[in-house]
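Following the hints, put chains B and C in place on chain A, whose structure we already have.
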Amino acid sequence: MLAQLILNGFVTGLLLALPALALTLTFGILKFPNFAIGSMLTLGSYAAWIGNSLLGMPLAVAAIFAALAMAAVAMLSDVLVFSRLRDRGSITLLVASMGISLILENICRFGFGNSTRNFVFDVARPTRWHGLRINQEQLITAVVVIVCVILIQLLLYASPLGRAMRAVADNPSLAAVRGVERQTIARITWCLAGCLTALSGVLAGLDRAVDPLLGWNYQIPIFAAAILGGLGSPTGAIVGAIVIGLAEELSSLILPTNYRQVVSFAVILGLLLVRTQGLFGGKAVRK
Amino acid sequence: MTAYLTTLVVLVAVSALVGLALNLQWGVAGLVNFGVVGFVALGAYATALLAPALGWCGAMIVAAVLCAIVSTVLAFLSIRLEENYLAIVTIGFGEVVRILLLNETWLTGGAVGIADIPRPFVSLVSPARYDVVLLCFSLALVAIVFALLEILVRSPFGRALRAVRDDATVAAALGKPVLLLRIKAFAIGGAVMGVAGALHAFYLTYIDPSQFTSIITAYAFMAVIAGGRGSNIGLLFGAGSIMALLEATRFLKDAVEMTDGTQLAALRLGLIGVGIVLLLILRPQGLLPEPQRRVRDFFPDDGGSA
Amino acid sequence: MIAARVTPALSVHGLRAGYGNGGDIVCGIDLDQSPETILAVIGPNGSGKSTFVKALAGLLRPRAGTMAVTGNDVTHLSPAKRVMAGLAYVPQEANIFRNLTIRENLKLATEFLRGRTGVGPAQQAQVMELFPEIAQRPKLLAGNLSGGQRQMLAFACALLANPEVLLLDEPSAGLSPKFVGETMEAVARVRESGVTVLLVEQNVSAALRVADEVMVLVAGRKSLRVPAKDISNADLADLFFAKAG
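So the sequences go chain by chain: A, B and C. For the record, in the first sequence the residue sitting at position 206 is 206 according to our numbering, with numbers rising by one throughout. In short: position in the second sequence from 1, add 287, done, that's our numbering. In short: position in the third sequence from 1, add 593, done, that's our numbering.
Everything labelled a hint here was simulated from the structure, so no lab data went into it. These numbers come from a predicted model, not from an experiment. Among the clues, some could well be false.
Stated by the list, open to error - Coverage of chain A stretches by chain C, computed from C-beta distances (three or more under 8 Å per stretch; other residues unrestricted): (1) 152-165; (2) 241-254.
What the hints assert, rightly or not - Beyond 12 Å from chain B on every Cβ pair, some chain A residues (computed): (3) ALA60; (4) MET98; (5) ARG208.
Using N, Cα and C, we set each Cβ at its ideal position, and we do this for glycine too.
If we strip away everything but chain A, and leave its shape as in the complex, we get:
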């Protein structure tokens, strides 16, 4: 039924919003597309699984544990890799992030194999509301994501740190001569990206299951969402994610569900033809 699809699509979109935000923030502030976004999601969900299933934490606590762990991993990757390549151009950084992606994904595969895992979590029965079925996972996703989005928007637009981040995104050398250390902002951005992707990993793991390809399956929709919103625009990432979620879900009316990623890819191609800067972004023309 159409309304159910719209609801499902909206929630799927919300789930995409967090990694899309992370991707767009790293693109805006660190100036390159982070290929490792999917693998960060995967590692985040495994970190939560370790906390939840192996160490016996309640899922909420495990999620926080995973967010902190991923923030540390992201920061470490900046210290060891990205900071050494900072001025080498976005393609070098992109290729390096592909290397990081291979490392992160295969740490998961090496440690836990290819089989799927599940969180220890008592799922309540779905709620019924005006004929629509709403899972508990969907409610959790919606609440968590909306809270995160509000916090991020407050951070970016109502705090000194957010101003500093937007200043570095706008003009790094000018930010430096106004007292903002670029290195510090870069590290904070990575920590934030790590937290956001880890949380989305927990939500995705709840929705599907935890396996090494969990994040990879979201890679194209995440990129599509960020590009649709305009790379570098946080508001755009959120709006783009919801649109992509809706598009993928509604496409099941005419396409088999296996083709969802093809839908996102088609959106990317379409945007390139029509409006490369997305809904909220700036110019994208090659110099």
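Chains B and C only, in chain A's frame:
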């Protein structure tokens, strides 16, 4: 023994071809392509589907042309844009090809794949001796492609490409048709990837989507980075070093108690990731750098006077 | 004539700088600037003026030489730390944050300077007195301002850091003659408020209107340093077109 050697040589040959193609696209023309595996798969499937009708040679040629056409389309869509966009499009492309191959069962056989692929020169010798033929075929293919690409790179076309890669604005000001050059380079690279896919199909005689995973893209990048972007000889060296890595991990499996193939595969992929990162940080110019052109290369008669 | 020895506001010795793997563009410059003066740095295109001021601001790592602000060594400090040491810089282009509002630009100018003496509401009031038009539309995106207004905002942001020394890179570039005049008047007012100004300028006559001293840069080296009133058109022509060294 011959069978093992053939396996090794064919694997190196496929990697070398893919690496040479990426080297042209990225190393020489400055266009990064993360959808490598998609083009290889396209080449393999086109070959497999057309070989019964056109024979192995015709099928391989058509596969190359098909890949060139698809490359042109992708490049045309994104080449005017910032380099990040072509990269992002190609990230999606590889995955989308895999999904299409898996699901369009009427054409590709889905997860089951296509079997009984005809092989080159199979009627020449007895089945027992065929390995040698395939080995020689692979080497010859790599040699021919290498030679052709080297000629291309040293030609005015190649020089123009490198000028565009280093500074597109200046190149355009000098009258070089920047867009056309880039698209041509991308298409030629795509065609070579198609040939690599054909070789893959000939060797295995049976293909299915599970053979085309992102490890192929990862190998290609490692080869290009290790070899030094732009240098084809360096690239062969790079492809060789990857194979050495592969073989080393095989011995690791015997030395260290590893329970299953998944862990070995994960270790291999992880090491490639580490290798890519280390090379980018420590030796961005590759293990053998692109030879610096000297004034003498352009003015051979000039004795070096200012 | 100066009887007592005053610590120079800006002091540079043997500065060398260049980009990437290229050669030196700044080839050894010595400079002592007295407090509360305006020094105009002029020279032909390609003489290294912009590179010089970027090296002073900390955006380029010096290859040799030292630099001090009011006697404190800043040679190895990052740009952010140099601001804390009393050095402010207005780049030639991209000197405001286009995607931030005017109010956000102004806030950012002081938010990360905790501990810098003199930064505070009193200083802000003083600066806004120098540039009254800026405060009028705080929610406007800075990128939507005209060239002259952006220049004023850039000045104000630099001054909010209560610098001892202000570096200006071609402030008159791209401005109409009327605005050039206003800009130079603003530079003079800045000096009156107690700031030492080093001004790189292509527009020599505009710079000479307010400068106390002039330094001529040719091919990365200091070619002449005189009080502004002592320089004549003939001198300049000689220097600009004469062979280096």
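Quick rundown of the hints versus the structure:
no., hint, result
1, 152-165, "holds (count 3)"
2, 241-254, "violated (count 0)"
3, ALA60, "holds, 30 Å"
4, MET98, "violated, 7 Å"
5, ARG208, "holds, 17 Å"
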